[in-house]
Amino acid sequence: MAKPTPSQTVGPFFARELLWGDGDKVLFPGQGDRITLTGRVFDGAGAPIFDALFETWQADAAGKIPSGGDGARPYGYGRVSTDTDGRYAIETVMPGSFRGPGSETYAPQISVTIFARGLLKAVQTRVFLAPLEAIKDDPLARAISDPDRLRTLIAARDPGDPKIYRWDVRLRGAGEAVFIEL
Amino acid sequence: MAETPAADVHPPYLYPDYKSTRLRAPAQPLVRVAPSPLDTAGPTFPKHFVKDSEADLTTWGKSAPLGEKMVLVGRVLDEDGRPVRRSLVEVWQANASGKYPHPVDDHEAPLDPNFLGKGQVLTDDKGRYRIVTVKPGAYPWQNHAFGWRPAHIHFSLFGNAYAQRLITQMFFPGDPLLAIDPIFQSVPEAGRRLLIADLDLEHGVEGVALGYRFDMVLRGPRATPMGV
Ligand SMILES: [Fe+3]
Chain A
1196 MAKPTPSQTV
1206 GPFFARELLW
1216 GDGDKVLFPG
1226 QGDRITLTGR
1236 VFDGAGAPIF
1246 DALFETWQAD
1256 AAGKIPSGGD
1266 GARPYGYGRV
1276 STDTDGRYAI
1286 ETVMPGSFRG
1296 PGSETYAPQI
1306 SVTIFARGLL
1316 KAVQTRVFLA
1326 PLEAIKDDPL
1336 ARAISDPDRL
1346 RTLIAARDPG
1356 DPKIYRWDVR
1366 LRGAGEAVFI
1376 EL
Chain B
4 MAETPAADVH
14 PPYLYPDYKS
24 TRLRAPAQPL
34 VRVAPSPLDT
44 AGPTFPKHFV
54 KDSEADLTTW
64 GKSAPLGEKM
74 VLVGRVLDED
84 GRPVRRSLVE
94 VWQANASGKY
104 PHPVDDHEAP
114 LDPNFLGKGQ
124 VLTDDKGRYR
134 IVTVKPGAYP
144 WQNHAFGWRP
154 AHIHFSLFGN
164 AYAQRLITQM
174 FFPGDPLLAI
184 DPIFQSVPEA
194 GRRLLIADLD
204 LEHGVEGVAL
214 GYRFDMVLRG
224 PRATPMGV
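Heads up: the sequence lines are chains A and B, in that order. With my numbering as the guide, the letters of the first sequence map in order to residues 1196 to 1377. With my numbering as the guide, the letters of the second sequence map in order to residues 4 to 231.
Everything labelled a hint here was simulated from the structure, so no lab data went into it.
Quick list of in silico lysine to aspartate or glutamate cross-link-like pairs, EDC-like style, CA-CA up to 16 Å:
hint	chain 1	residue 1	chain 2	residue 2
1	B	K50	A	D1265
2	B	K138	B	E71
3	A	K1331	A	D1341
4	A	K1198	B	D11
5	B	K121	B	E57
6	B	K138	B	D201
7	A	K1358	A	E1286
8	A	K1220	A	E1286
9	B	K72	B	E209
10	B	K129	B	E82
11	B	K129	B	D218
12	B	K121	B	E93
13	A	K1198	B	D83
14	A	K1198	B	E82
15	B	K50	B	D128
16	A	K1198	B	D218
17	B	K138	B	D59
18	A	K1198	B	E192
Could you build the full structure based on these sequences and the hints that come with them?
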């Protein structure tokens, strides 16, 4: 087996090169309930991370894994950077739940990968767009025994606007999000 | 649980000599989980997503950029040596003076009006890519006293499955700055050579451009056959 190429940080300079004008609008071939996933990314001192590359990848409203694209962009994939307040926002559709190869059920979720200066390897996780009670059978939820840690992966529906899901990400320290490896 | 080969070559999250890792590296262990159907699939970049001209970073301006012109070729393979086909490779880099066209780049070096330093290409059916550019300059950074980043080209790869997603950096052979670069040094010894291109004169253009070769290997999720 060949050794994989080691990961390196994305560094501070990527905005002119990697960002897309409409990277915050996730496209799908069909319809779905449009939602916004938004929040802030924080470091171990609680300071906002203003130079993270935030990528999302998800199933469509019916739980189908997208393939293809609209010509300009691949379906199902979002790419933005955080702003000076550490804030990101992705406009997408509410993903459906889907099944794995062993017929396990994945709760409605969005795969998130964060790259940043100071991250020698990306951090990857899955954010749930459903309350704690509704995700208990999800494979990742089952792998996390501590409910307090699991809560770091649950986006909260905005009480004032049900189309907005809020999810803050702490990379390190108190309230640190759960990150995964495959 | 057995260590994966990847653990031998990837840097740790926390590498205190690279100061930005101190507050950004996760402290908790990663949770191991089986790849989901999202991980074994990935975003599709259709052929026309990339224009042929985007593989040549030297034709972006009205005339040629300053610097040492180079042709960079290589292959993207998986751990079993299979080509990663029709997969997006994005590159970005400083200009020959070591300057990025970014407002937050405070290096007092000149911008080059004929160089943006951004390119992309899809690998072909053999996993090959070819990029034409200029050799980037080294640049100072504030991580430590007299810190200078060795010349490098940033790479972003998607592979054929989201589990293969990788961002890395390519360095040049014989660069004395590699020894004092904590970002490069964060990679365990066994992996460092894998980040250094080889001189490959025959892939250059006689009298015009130096040739270099940089092959990359993407891993897949453990025990999951990756479609290529
Ligand atoms: Fe750089």
